[in-house]
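Colleague: Each chain, written out:
2 protein chains.
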Amino acid sequence: MTRLTHFRLCPLSRSIRLALGELDIAFEMVEERAWEWPASFLTLNPAGELPVLEIQGEALLCGVYSIVEYLAENELGEAGQERRRIRMFPGTRDERAEVRRLVDWFHRKLDREVSRELMAQKVHPQVSRLASLGTTAGPAPDPSVLRAVRANMRQHLAYIDFLSEQRRWLAGEAPSFADLAAASHLSCADYLGEVPWQNHPAAKAWYSRLKSRPSFRPLLADRIPGMAPPPHYADLDF
Amino acid sequence: MTRLTHFRLCPLSRSIRLALGELDIAFEMVEERAWEWPASFLTLNPAGELPVLEIQGEALLCGVYSIVEYLAENELGEAGQERRRIRMFPGTRDERAEVRRLVDWFHRKLDREVSRELMAQKVHPQVSRLASLGTTAGPAPDPSVLRAVRANMRQHLAYIDFLSEQRRWLAGEAPSFADLAAASHLSCADYLGEVPWQNHPAAKAWYSRLKSRPSFRPLLADRIPGMAPPPHYADLDF
Numbered sequence: 001m002t003r004l005t006h007f008r009l010c011p012l013s014r015s016i017r018l019a020l021g022e023l024d025i026a027f028e029m030v031e032e033r034a035w036e037w038p039a040s041f042l043t044l045n046p047a048g049e050l051p052v053l054e055i056q057g058e059a060l061l062c063g064v065y066s067i068v069e070y071l072a073e074n075e076l077g078e079a080g081q082e083r084r085r086i087r088m089f090p091g092t093r094d095e096r097a098e099v100r101r102l103v104d105w106f107h108r109k110l111d112r113e114v115s116r117e118l119m120a121q122k123v124h125p126q127v128s129r130l131a132s133l134g135t136t137a138g139p140a141p142d143p144s145v146l147r148a149v150r151a152n153m154r155q156h157l158a159y160i161d162f163l164s165e166q167r168r169w170l171a172g173e174a175p176s177f178a179d180l181a182a183a184s185h186l187s188c189a190d191y192l193g194e195v196p197w198q199n200h201p202a203a204k205a206w207y208s209r210l211k212s213r214p215s216f217r218p219l220l221a222d223r224i225p226g227m228a229p230p231p232h233y234a235d236l237d238f
Numbered sequence: 001m002t003r004l005t006h007f008r009l010c011p012l013s014r015s016i017r018l019a020l021g022e023l024d025i026a027f028e029m030v031e032e033r034a035w036e037w038p039a040s041f042l043t044l045n046p047a048g049e050l051p052v053l054e055i056q057g058e059a060l061l062c063g064v065y066s067i068v069e070y071l072a073e074n075e076l077g078e079a080g081q082e083r084r085r086i087r088m089f090p091g092t093r094d095e096r097a098e099v100r101r102l103v104d105w106f107h108r109k110l111d112r113e114v115s116r117e118l119m120a121q122k123v124h125p126q127v128s129r130l131a132s133l134g135t136t137a138g139p140a141p142d143p144s145v146l147r148a149v150r151a152n153m154r155q156h157l158a159y160i161d162f163l164s165e166q167r168r169w170l171a172g173e174a175p176s177f178a179d180l181a182a183a184s185h186l187s188c189a190d191y192l193g194e195v196p197w198q199n200h201p202a203a204k205a206w207y208s209r210l211k212s213r214p215s216f217r218p219l220l221a222d223r224i225p226g227m228a229p230p231p232h233y234a235d236l237d238f
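Sequences listed follow chains A and B, in order.
In terms of my numbering, the numbers along the first sequence are unbroken and rise by one, the last being 238.
In terms of my numbering, the numbers along the second sequence are unbroken and rise by one, the last being 238.
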């Protein structure tokens, strides 16, 4: 069996859920509140970071970088690629370099400038409180942090808009892991109503195409009790 | 010609300098104070991040991830590997996954928890001041940030110590880009006297072996005016 340790609104985990979906690899999921540093999870991954992929009898893979490159190494060598709907690193050596540049952009830069703070401010305290059966509200988000995060988000969305206008998919003519990485971050922010789509029609059209893929369906079904997403979150014609 | 845009004490840039050295690829260097977001640099890499590698007539590569995987793709296919002293991702698919897990550890986790803050507190203000011919001292480092960074550094050093005790090189029996990534961060912190080697003999012995490689020599010759490194910085028998 293949088992993914993840958290519902962890963008890094979501990108691997999408990758596994696109590669037609069946997997089960275990959820961890990694930000609480549970001892059992640190035994699995001493970095204390999500996601972790266990492939029974084969490999224990920690972190997006290690996981996606491991999956992609197989992709290069195997027949039957037509069954796969999105290849992680398609094209020539140059085109793959462009995919990786953008994966780094979303999983390092956008993660640091937007997603990490957004999750730490709006999601983690609420989820920890629910888990401990707390009845008092968690700490309110810090308005100055949210202001900075929203300003950063506008910049990133403008860049995705720009790429979507220039190209069919973010890294070029073929869809790739760069699209999955970007969509994972946006999907988490979108759950929180933090994506100003109306000013970015090209980005919205690109996201809409990804959102309607079967691999996306489980993400759109995720819910956190007491934190309903906006109505457009799961709407394919948003 | 191959040109690397870097900054002397940028750990990410240093790891690519080491990689190019190990792969026997000749290159020239251009320095940028990327943290000042110069417009000409943003044209080169809109992410505003170092390093950038330009291979004339062939490729423009932004960021460590894109650069090292591009270099490594060639490494797999080519003959004459015996000329190369360190392969970036040696071994089996599993062993490469372990290399990438650790590269991510150093270039994402250690970078975020130690290096970024250390550079922002102790190096960037000083270098910007020198460049603008300023004569007043830069802002003093924030003691609470330095305390946190030093506590994190002790954890990371303990982990490197642990790996060095278990294995010949950090990711296994063969040296790899994981060693170069870790050594790059430590070398920058070491320039600032921020590596408590005395408590970590295995890590020190591992670093010592890397430090004596020819690819390391240019890093040990780097100096920032007005910020001398401690005497052991360039000493091979430190």
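Think of the hints as simulated: they come from the structure by calculation, not from any bench.
Treat each hint with caution, since some may be false.
[To be verified] Quick partial rundown of chain A residues pointing at chain B, CB under 10 Å, derived from the structure: (1) Trp37; (2) Phe41; (3) Ile86; (4) Arg87; (5) Gly91.
[As the list claims (entries may be wrong)] If you anchor each label on the Cβ, the simulated ranges turn out as follows: (6) B/Arg150 <-> A/Leu133: 16 to 22 Å; (7) A/Leu146 <-> B/Ala151: 44 to 50 Å; (8) B/Glu31 <-> A/Arg167: 30 to 36 Å; (9) A/Ala120 <-> B/Gln155: 15 to 21 Å; (10) A/Pro230 <-> B/Ala140: 32 to 38 Å; (11) A/Ala131 <-> B/Asp24: 40 to 46 Å; (12) B/Ala158 <-> A/Arg167: 26 to 32 Å; (13) A/Ala205 <-> B/Asp142: 55 to 61 Å; (14) A/Glu36 <-> B/Ser128: 34 to 40 Å; (15) A/Pro231 <-> B/Glu173: 34 to 40 Å; (16) B/Asn199 <-> A/Glu165: 28 to 34 Å; (17) A/Arg116 <-> B/Ala151: 37 to 43 Å; (18) B/Pro225 <-> A/Arg116: 44 to 50 Å.
As the structure is a computational prediction, the values presented were derived from the model and not from experiment.
The beta carbon of each residue, even a glycine, is placed where N, CA and C say it ideally should be.
Colleague: Taking each numbered hint in turn, which are not upheld by the structure, reported in ascending numerical order?
Modeller: Failing hints, ascending: 1, 2, 3, 4, 5, 6, 7, 10, 11, 12, 13, 15, 16, 17 and 18.
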